[in-house]
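Q: Quick mapping for you: the protein sequence lines, in order, are chains A and B.
Using my numbering, the first residue of the first sequence is number 1, and each one after it goes up by one.
Using my numbering, the first residue of the second sequence is number 1, and each one after it goes up by one.
Hints are computed from structural coordinates only; laboratory data are not their basis.
Errors might be hidden in some of the hints.
Which copy? The list can't say, so a pair holds if one copy fits it or any two copies do.
[To be verified] Taking lysine-lysine and the BS3-like style, the derived pairs with C-alpha atoms no more than 25 Å apart in a straight line are:
| id | residue 1 | residue 2 |
| --- | --- | --- |
| 1 | 77 | 334 |
| 2 | 330 | 12 |
| 3 | 25 | 142 |
| 4 | 297 | 194 |
| 5 | 241 | 220 |
| 6 | 330 | 77 |
| 7 | 77 | 297 |
| 8 | 185 | 297 |
| 9 | 15 | 56 |
| 10 | 9 | 56 |
| 11 | 99 | 77 |
| 12 | 265 | 334 |
| 13 | 330 | 297 |
| 14 | 241 | 135 |
| 15 | 334 | 24 |
| 16 | 241 | 265 |
Below, each chain spelled out in residue letters.
Number of protein chains: 2
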Amino acid sequence: MASIVEIAKMAKVSKMTVSNVIHKKYEKVSKETRERIERILVETNYTPNLFARNLKSNSSKIILFTIPQTIENDPYKNTAFNNPFYGELINSIEFNLRKSGYYLMFRFVSDEEILSNLVLNWNVDGVIILGAVKKEIRTVFKDINVPVVFIDTYADLEESDSIVTEDEQGGFIATNHLIRRGKRKIGVVVSSIKEIGVASKRYDGYRRALDENNIPFDDKWLFEGFPSFEFGALIAQRIAKEKDAFDALFVYSDVMAIGVIKGLKDHGLRVPQDISVIGFDGLYIGDLCEPRLTTIKQDITAKGYMAVDLLVRKLDGRSLAPEHLTLPVKLIEKESV
Amino acid sequence: MASIVEIAKMAKVSKMTVSNVIHKKYEKVSKETRERIERILVETNYTPNLFARNLKSNSSKIILFTIPQTIENDPYKNTAFNNPFYGELINSIEFNLRKSGYYLMFRFVSDEEILSNLVLNWNVDGVIILGAVKKEIRTVFKDINVPVVFIDTYADLEESDSIVTEDEQGGFIATNHLIRRGKRKIGVVVSSIKEIGVASKRYDGYRRALDENNIPFDDKWLFEGFPSFEFGALIAQRIAKEKDAFDALFVYSDVMAIGVIKGLKDHGLRVPQDISVIGFDGLYIGDLCEPRLTTIKQDITAKGYMAVDLLVRKLDGRSLAPEHLTLPVKLIEKESV
DNA sequence: TCCTTTTAGTTTACCGTTATACCAATAATA
DNA sequence: TATTATTGGTATAACGGTAAACTAAAAGGA
Numbered sequence: 001m002a003s004i005v006e007i008a009k010m011a012k013v014s015k016m017t018v019s020n021v022i023h024k025k026y027e028k029v030s031k032e033t034r035e036r037i038e039r040i041l042v043e044t045n046y047t048p049n050l051f052a053r054n055l056k057s058n059s060s061k062i063i064l065f066t067i068p069q070t071i072e073n074d075p076y077k078n079t080a081f082n083n084p085f086y087g088e089l090i091n092s093i094e095f096n097l098r099k100s101g102y103y104l105m106f107r108f109v110s111d112e113e114i115l116s117n118l119v120l121n122w123n124v125d126g127v128i129i130l131g132a133v134k135k136e137i138r139t140v141f142k143d144i145n146v147p148v149v150f151i152d153t154y155a156d157l158e159e160s161d162s163i164v165t166e167d168e169q170g171g172f173i174a175t176n177h178l179i180r181r182g183k184r185k186i187g188v189v190v191s192s193i194k195e196i197g198v199a200s201k202r203y204d205g206y207r208r209a210l211d212e213n214n215i216p217f218d219d220k221w222l223f224e225g226f227p228s229f230e231f232g233a234l235i236a237q238r239i240a241k242e243k244d245a246f247d248a249l250f251v252y253s254d255v256m257a258i259g260v261i262k263g264l265k266d267h268g269l270r271v272p273q274d275i276s277v278i279g280f281d282g283l284y285i286g287d288l289c290e291p292r293l294t295t296i297k298q299d300i301t302a303k304g305y306m307a308v309d310l311l312v313r314k315l316d317g318r319s320l321a322p323e324h325l326t327l328p329v330k331l332i333e334k335e336s337v
Numbered sequence: 001m002a003s004i005v006e007i008a009k010m011a012k013v014s015k016m017t018v019s020n021v022i023h024k025k026y027e028k029v030s031k032e033t034r035e036r037i038e039r040i041l042v043e044t045n046y047t048p049n050l051f052a053r054n055l056k057s058n059s060s061k062i063i064l065f066t067i068p069q070t071i072e073n074d075p076y077k078n079t080a081f082n083n084p085f086y087g088e089l090i091n092s093i094e095f096n097l098r099k100s101g102y103y104l105m106f107r108f109v110s111d112e113e114i115l116s117n118l119v120l121n122w123n124v125d126g127v128i129i130l131g132a133v134k135k136e137i138r139t140v141f142k143d144i145n146v147p148v149v150f151i152d153t154y155a156d157l158e159e160s161d162s163i164v165t166e167d168e169q170g171g172f173i174a175t176n177h178l179i180r181r182g183k184r185k186i187g188v189v190v191s192s193i194k195e196i197g198v199a200s201k202r203y204d205g206y207r208r209a210l211d212e213n214n215i216p217f218d219d220k221w222l223f224e225g226f227p228s229f230e231f232g233a234l235i236a237q238r239i240a241k242e243k244d245a246f247d248a249l250f251v252y253s254d255v256m257a258i259g260v261i262k263g264l265k266d267h268g269l270r271v272p273q274d275i276s277v278i279g280f281d282g283l284y285i286g287d288l289c290e291p292r293l294t295t296i297k298q299d300i301t302a303k304g305y306m307a308v309d310l311l312v313r314k315l316d317g318r319s320l321a322p323e324h325l326t327l328p329v330k331l332i333e334k335e336s337v
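Using the sequences and the hints, build the whole thing.
A: Here it is in structure tokens:
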């Protein structure tokens with residue numbers, strides 16, 4: 001825990017000389033002095049105090065990655081991480097930040113907290129936000145001049161940087177695939193489509209596929225709810241009761257889709273013989289269920305990479321205008337259709 | 001981004017007076033001045049610069065949660081987070097840290113990095129480490145006087161604080177359950193048992209159950225390998241080839257167990273009719289596979305809670321002597337046995 | 001009235017680092 | 001020899017916040 005002053009004393013020089021050695025400003029230091037100081041730095045295992053450095057430089061090398069959500073009072077109730085999507089994304093973000101010399105601070109936050117508590121407090125250099133965020137919050141980031149990359153948000157993004165997947169197209173491909181397989185009574189299971197997020201875009205694609213194939217949409221085909229495995233199973237229960245009303249389902253996420261399949265089977269329906277199910281994400285857990293889940297795959301690790309890359313380019317000043325990147329999707333045929 | 005000095009100027013007082021208002025040292029400030037300053041604080045949306053504060057106080061309120069591991073060069077290869085165990089744990093840790101006023105910094109680290117890069121650099125107030133850690137690393141934490149809580153480490157813990165599950169007992173219960181169901185040829189699938197981690201303890205429990213039931217252990221019953229879904233499936237392939245050699249398997253983790261079941265079924269064996277499988281962890285994904293996985297459940301959220309609680313007690317000085325906590329396990333009977 | 005408290009502040013110094021300005025001694029040039 | 005440039009540093013101030021010591025003015029007590 002030696003400070004630069006103590007190193008300077010040991011080397012009998014001023015602390016500025018030590019600082020110059022640390023920063024490799026060798027033209028300021030003679031060879032002998034430099035080597036003497038370097039030896040002492042190694043011996044004492046010196047590491048700079050980043051608080052001091054950050055205070056001076058007014059930058060932290062910390063990037064906040066956050067998932068805004070209603071914060072539960074009970075950690076057992078917060079099931080976000082049950083979805084491997086989050087794990088894969090945070091893994092990729094941490095990996096790429098580390099590679100670029102940044103540190104990851106992770107936190108679930110409520111909308112209010114986002115500003116008061118973290119961005120300002122910590123002088124985080126940048127922020128990556130996953131999921132739908134209210135407009136007020138988004139505009140505030142502009143005021144405080146911290147680069148932000150939004151992942152999977154759609155509303156009013158002209159002036160923000162964002163990364164999304166081909167959600168609409170994915171919904172379209174999924175639904176089209178069902179239609180090409182002869183399905184005509186296609187239900188859709190999503191989280192809320194009122195929020196302008198991935199769910200509503202995937203739903204839009206679903207509707208477009210119906211339209212283009214002249215299949216009239218029936219209000220009863222829409223099932224909305226909390227995007228969890230359990231809720232998927234719950235919805236399946238309702239669907240199983242009117243089994244003849246559907247010959248296929250487009251479910252907006254794999255986790256939900258697996259729940260749906262589980263629920264359908266528990267209520268005596270066979271997948272895909274009685275009813276086909278297609279998911280969205282391409283998670284490995286799709287291979288765990290039986291039948292294996294046909295799905296629309298997105299590259300989550302690439303998403304994390306792109307988010308970090310975009311943010312780092314902002315921080316380096318290599319990207320000035322807002323960018324909106326869209327990652328491709330791909331139909332993965334397994335056995336549930 | 002107003003600093004305390006600017007606030008002071010606006011209020012026409014010294015910055016110390018502002019500081020006193022912020023810290024609610026009201027006996028130092030008259031009612032009028034106080035209210036004037038408070039108004040300005042609100043108007044300017046003042047938040048203290050934590051770098052400055054931390055520099056002065058030499059504490060950061062940051063807790064590092066880290067999973068030591070060989071850092072892959074390719075984020076696609078890092079599959080740690082595919083195991084929902086990690087997600088549930090980090091969720092619980094973040095939740096409880098936030099509740100106690102701490103911030104979570106997460107990072108995968110190599111052993112070397114642990115010290116040089118983070119603990120010293122960031123003046124993190126405490127560290128939570130998951131998984132087996134070499135002795136050298138552990139001893140260093142003592143030198144630098146940062147409280148550390150180890151999760152799921154066993155080796156040489158006398159002087160460290162640690163939290164584990166009843167791993168040995170869990171392995172015993174699992175194996176005993178198989179034996180009580182009439183199984184006699186019980187294979188065991190673990191990650192490396194050379195490292196002194198949870199895998200070796202669970203294996204110890206397995207061996208004890210065999211011993212106590214006078215079942216001689218056969219070297220061919222042991223399968224070691226990388227603890228992933230894929231590797232579980234790979235091992236199952238080998239097991240399927242000598243199908244008559246086994247009537248049951250104890251797999252040290254659910255993720256691996258699900259892979260094993262998948263692999264067994266892909267090679268024509270029926271679970272549990274031909275061979276029974278029991279897992280360990282109690283993850284929700286155990287319910288996704290068919291048959292649903294019988295397993296030994298541990299409470300991961302409780303584990304995170306205990307880790308944070310113990311660490312915070314260390315930081316508050318409310319726990320001086322090293323503590324070693326062991327969380328209970330419970331047999332959950334489903335359909336794979 | 002004089003002395004002591006109390007009130008309501010202010011001043012100073014420091015946390016560890018770094019940018020900037022400065023300086024002394026030596027080397028190079030005219 | 002006098003002047004200028006280079007080398008190898010040092011001294012100072014600042015980042016924003018806080019603990020501790022200090023002080024001026026008002027209030028209280030004898």
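Q: Indicate, hint by hint, whether the structure satisfies it.
A: Hint check:
For the homomeric pair residue 77 and residue 334, the shortest alpha-carbon distance between copies (23 Å) is at most 25 Å, but the shortest distance inside one copy (32 Å) is not. In this assembly of identical chains, residue 330 and residue 12 lie within 25 Å of each other by CA distance neither inside one copy nor across copies; the values are 65 Å within and 63 Å between. With identical chains, the CA atoms of residue 25 and residue 142 are never at most 25 Å apart, being 36 Å at best within one copy and 35 Å at best between copies. For the homomeric pair residue 297 and residue 194, the shortest alpha-carbon distance inside one copy (24 Å) is at most 25 Å, but the shortest distance between copies (38 Å) is not.
Within a single copy, residue 241 and residue 220 get their C-alpha atoms as close as 13 Å, which meets the 25 Å cut-off; across copies the closest is 50 Å, which misses it. Within a single copy, residue 330 and residue 77 get their C-alpha atoms only as close as 32 Å, which misses the 25 Å cut-off; across copies the closest is 21 Å, which meets it. In this assembly of identical chains, the alpha carbons of residue 77 and residue 297 lie at most 25 Å apart only when taken from different copies (18 Å versus 28 Å within one copy). When the C-alpha separation of residue 185 and residue 297 is checked against a cutoff of 25 Å, the pair qualifies only within one copy, where the shortest distance is 23 Å, while the shortest distance between copies is 41 Å.
Proximity of residue 15 and residue 56 under a CA criterion of 25 Å is satisfied in both settings, with 16 Å inside one chain copy and 19 Å between copies. Taking CA atoms no more than 25 Å apart as the test, residue 9 paired with residue 56 passes in both settings, with 22 Å inside one copy and 22 Å between copies. Taking the shortest alpha-carbon separations for residue 99 and residue 77, only the inter-copy value of 15 Å comes in at or below 25 Å, while the best intra-copy value is 33 Å. When the C-alpha separation of residue 265 and residue 334 is checked against a cutoff of 25 Å, the pair qualifies both within a copy, at 17 Å, and between copies, at 17 Å.
Within a single copy, residue 330 and residue 297 get their C-alpha atoms as close as 5 Å, which meets the 25 Å cut-off; across copies the closest is 36 Å, which misses it. For the identical chains of this complex, residue 241 and residue 135 are neighbours neither inside a copy (40 Å) nor across copies (59 Å), given an alpha-carbon limit of 25 Å. Taking CA atoms no more than 25 Å apart as the test, residue 334 paired with residue 24 passes in neither setting, with 57 Å inside one copy and 63 Å between copies. Proximity of residue 241 to residue 265 under the C-alpha cut-off of 25 Å is restricted to the intra-copy arrangement: shortest distance 12 Å within a copy versus 31 Å between copies.
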